[in-house]
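2 protein chains.
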Amino acid sequence: MADEVKLYEDGRSPYVSRVKLALHLKGVKYESVVEDLSNKSADLLKYNPVYKKVPVLVHNGNPISESLVIIEYIDNVWKGVPILPCDPYEKADARFWAKFIADTCNPAIYEVHRSYGNEQAVLEANEKLQILENKLRVSGQKFFGGDNINLVDIAAVYIAYWPEIVEEAKGIKFFTRDKFPKVSEWADNFLNCQVVQETLPPRAQLLAYFKKRHEARNKA
Amino acid sequence: MADEVKLYEDGRSPYVSRVKLALHLKGVKYESVVEDLSNKSADLLKYNPVYKKVPVLVHNGNPISESLVIIEYIDNVWKGVPILPCDPYEKADARFWAKFIADTCNPAIYEVHRSYGNEQAVLEANEKLQILENKLRVSGQKFFGGDNINLVDIAAVYIAYWPEIVEEAKGIKFFTRDKFPKVSEWADNFLNCQVVQETLPPRAQLLAYFKKRHEARNKA
Numbered sequence: 001m002a003d004e005v006k007l008y009e010d011g012r013s014p015y016v017s018r019v020k021l022a023l024h025l026k027g028v029k030y031e032s033v034v035e036d037l038s039n040k041s042a043d044l045l046k047y048n049p050v051y052k053k054v055p056v057l058v059h060n061g062n063p064i065s066e067s068l069v070i071i072e073y074i075d076n077v078w079k080g081v082p083i084l085p086c087d088p089y090e091k092a093d094a095r096f097w098a099k100f101i102a103d104t105c106n107p108a109i110y111e112v113h114r115s116y117g118n119e120q121a122v123l124e125a126n127e128k129l130q131i132l133e134n135k136l137r138v139s140g141q142k143f144f145g146g147d148n149i150n151l152v153d154i155a156a157v158y159i160a161y162w163p164e165i166v167e168e169a170k171g172i173k174f175f176t177r178d179k180f181p182k183v184s185e186w187a188d189n190f191l192n193c194q195v196v197q198e199t200l201p202p203r204a205q206l207l208a209y210f211k212k213r214h215e216a217r218n219k220a
Numbered sequence: 001m002a003d004e005v006k007l008y009e010d011g012r013s014p015y016v017s018r019v020k021l022a023l024h025l026k027g028v029k030y031e032s033v034v035e036d037l038s039n040k041s042a043d044l045l046k047y048n049p050v051y052k053k054v055p056v057l058v059h060n061g062n063p064i065s066e067s068l069v070i071i072e073y074i075d076n077v078w079k080g081v082p083i084l085p086c087d088p089y090e091k092a093d094a095r096f097w098a099k100f101i102a103d104t105c106n107p108a109i110y111e112v113h114r115s116y117g118n119e120q121a122v123l124e125a126n127e128k129l130q131i132l133e134n135k136l137r138v139s140g141q142k143f144f145g146g147d148n149i150n151l152v153d154i155a156a157v158y159i160a161y162w163p164e165i166v167e168e169a170k171g172i173k174f175f176t177r178d179k180f181p182k183v184s185e186w187a188d189n190f191l192n193c194q195v196v197q198e199t200l201p202p203r204a205q206l207l208a209y210f211k212k213r214h215e216a217r218n219k220a
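These protein sequences, in sequence, are chains A and B.
UniProt numbering applies: residue 1 is where the first sequence begins, and numbers increase by one.
UniProt numbering applies: residue 1 is where the second sequence begins, and numbers increase by one.
Because the hints were derived from the structure by calculation, they are not lab data.
Take these hints with a grain of salt, some might be off.
Which copy is meant is left open, so a pair is good if it fits within one copy or across any two.
[Stated by the list, open to error] DSS-like, lysine-lysine: derived pairs with alpha carbons at most 25 Å apart:
id: 1; residue 1: Lys53; residue 2: Lys99
id: 2; residue 1: Lys91; residue 2: Lys53
id: 3; residue 1: Lys52; residue 2: Lys99
id: 4; residue 1: Lys46; residue 2: Lys91
id: 5; residue 1: Lys26; residue 2: Lys91
id: 6; residue 1: Lys128; residue 2: Lys182
id: 7; residue 1: Lys170; residue 2: Lys128
id: 8; residue 1: Lys6; residue 2: Lys211
id: 9; residue 1: Lys128; residue 2: Lys40
id: 10; residue 1: Lys91; residue 2: Lys79
id: 11; residue 1: Lys182; residue 2: Lys212
id: 12; residue 1: Lys52; residue 2: Lys91
id: 13; residue 1: Lys212; residue 2: Lys40
id: 14; residue 1: Lys53; residue 2: Lys211
id: 15; residue 1: Lys26; residue 2: Lys182
id: 16; residue 1: Lys179; residue 2: Lys6
id: 17; residue 1: Lys219; residue 2: Lys26
id: 18; residue 1: Lys46; residue 2: Lys6
Given only the sequences and the hints, what does the whole structure look like? Please build it.
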């Protein structure tokens with residue numbers, strides 16, 4: 001039986017882009033089901049009753065939620081380019097950094113944007129990003145994964161692409177190139193990969209979305 | 001070369017108990033290094049520079065932080081009783097639930113305790129715990145892992161043991177047996193396992209610690 005792979009997505013979430021990137025790296029063919037998050041489908045609610053969120057990957061009828069859990073599943077099931085290292089210690093190290101980015105860096109950047117650059121939020125986000133900056137400086141490598149992108153790079157897709165667009169929409173400037181030159185260089189290298197470009201929402205579409213949200217907030 | 005395994009711990013953290021439980025399940029011999037968290041050792045700061053927290057497992061000189069990352073490492077490296085299922089879908093499912101407990105249930109219960117039973121916090125914690133209650137009711141199994149404890153049970157060690165002690169120390173009652181009968185039954189089964197008993201901090205010691213914190217807060 002051929003694999004049936006469906007991805008429930010929304011066309012603009014960095015969590016969805018993480019999963020798409022893993023699927024494209026593995027060369028997995030999938031059907032994209034775009035959800036209207038203001039009117040979620042019965043399927044989405046059935047497949048992810050706990051969080052009721054995208055992304056959900058449904059593989060031969062079996063649903064999986066949570067982007068990093070889905071990526072580990074994809075890496076387990078489909079051969080080809082490995083997404084996690086094979087060595088147990090390197091694997092643990094990649095999981096540590098993916099979790100650090102997901103649980104600590106991304107929320108710190110969201111908070112800068114949500115608060116329109118609140119001083120304390122900026123201090124905290126700077127501190128977290130400086131840790132990534134130092135990591136890239138010490139390793140001297142092109143990607144967090146070394147010569148090739150791995151779980152950590154995929155986890156960091158938000159940092160590479162979203163902040164600059166959100167900041168343009170909101171008219172703020174937090175994430176500057178001179179503050180984090182190594183992270184900026186990494187983002188350039190990452191966004192230059194064809195597989196990354198294939199899996200990102202179009203810039204104009206994201207910008208229009210965040211501008212609309214910004215305008216709605218200003219009217220409220 | 002024999003394995004050198006050191007666990008940096010504090011003698012009372014549920015995150016440490018998770019890791020000890022995984023080590024005991026696998027029969028791994030380790031040296032316990034008890035940290036004074038008000039005066040952290042140079043080793044702890046060197047081994048976990050990002051979070052500066054216990055637990056840290058150091059295996060043949062290589063440090064690993066974050067309890068769930070450490071448990072996956074232990075399961076990868078040492079054979080014997082499996083902690084995660086082998087089947088990729090069951091593995092993803094276990095990771096999903098361990099993450100739900102770690103990221104959603106535990107913080108909801110902490111908030112009830114921190115706020116001394118704030119109404120909104122209680123509502124939210126009830127909602128999260130009801131999801132676990134339903135999961136145990138539907139599965140009809142003894143443990144989240146089935147007949148034996150697995151990653152999900154280990155992730156939930158806090159729920160089995162800590163809340164009742166914290167509530168005794170603070171003189172509040174949130175976590176009642178009649179509200180969550182299946183979760184309570186699971187906790188009894190879990191706490192009856194010898195391997196779990198071996199790895200928990202003594203009740204009297206935890207109670208004294210939380211009473212002291214409660215009294216310090218009341219004086220402040």
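State the violated hints by number, sorted upward, taking the hints as numbered earlier in the document.
8, 11, 15, 16 and 17
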